[in-house]
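Asks: The residues making up each chain are set out below.
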Amino acid sequence: GQSLEQPSEVTAVEGAIVQINCTYQTSGFYGLSWYQQHDGGAPTFLSYNALDGLEETGRFSSFLSRSDSYGYLLLQELQMKDSASYFCARRGGNNRLAFGKGNQVVVIP
Amino acid sequence: DVKVTQSSRYLVKRTGEKVFLECVQDMDHENMFWYRQDPGLGLRLIYFSYDVKMKEKGDIPEGYSVSREKKERFSLILESASTNQTSMYLCASSLYSGGGAGGNYGYTFGSGTRLTVV
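Taken in sequence, the protein lines are chains D and Z.
Under the working numbering, residue 109 is the last one in the first sequence; the count climbs by one each step, no gaps.
Under the working numbering, residue 118 is the last one in the second sequence; the count climbs by one each step, no gaps.
Hint data in this document are derived by calculation from the structure and do not stem from the laboratory.
Here a beta-carbon is modelled for each residue, glycine too, at the ideal position from N, C-alpha and C.
Incorrect hints may appear among the rest.
[Claimed, not checked] Example chain D residues on the side facing chain Z (calculated, C-beta under 7 Å, incomplete):
#1 Ala42
#2 Pro43
#3 Phe45
#4 Gly53
#5 Gly100
#6 Lys101
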């Protein structure tokens with residue numbers, strides 16, 4: 001199976017920037033997705049990178065380096081509502097996703 | 001918006017029971033998936049289906065089976081429930097990707113079924 005490594009928890013103040021890193025195995029790799037999950041809620045899709053570079057969606061950006069088997073999610077201008085768990089997910093054939101263990105972000109005033 | 005509906009939010013079942021978890025999506029998606037989520041372990045794929053009557057094992061299929069008789073419905077079956085199957089079960093759907101690298105084909109998840117086996 002795939003191995004997706006993510007650090008476990010980050011605490012940051014409102015307005016700060018947080019970067020969540022993810023490394024993955026390259027075999028059969030098509031792209032890297034990011035999902036957000038609030039406590040008690042369902043994961044929701046944030047972004048997807050198939051090619052190297054940065055994808056920006058509002059305050060969130062995602063980056064991929066295929067040569068380094070590495071990606072990150074950048075959360076800018078943190079708000080209290082960004083307190084959640086964030087998962088990277090490696091996309092394989094048939095759109096199968098293998099999720100990392102997740103990273104909990106806690107935003108404090 | 002795509003909607004994925006899981007039939008139960010909470011379930012309590014006894015060890016040895018046969019358990020059915022139902023999932024329905026309303027956007028004609030080809031792919032459907034069942035994951036379980038446990039603290040510290042993230043989401044782990046149990047089974048998925050990319051077409052009616054087609055199914056493939058995920059990473060942890062033991063003790064589970066699935067059924068997809070209609071495109072919109074994907075059922076997860078616990079043949080004989082055990083306490084180690086106590087978990088949050090999440091169903092998801094997506095468009096079929098065809099294996100290409102392009103497009104995002106993001107998943108839409110249901111709200112989850114929290115199953116407790118006693």
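Asks: Confirm or reject each hint.
Replies: Results for each hint:
no.	hint	in the structure
1	Ala42	holds, 4 Å
2	Pro43	holds, 5 Å
3	Phe45	holds, 3 Å
4	Gly53	violated, 14 Å
5	Gly100	holds, 6 Å
6	Lys101	holds, 4 Å
This entry does not satisfy hint 4, going by the numbered hints stated previously; all others are met.
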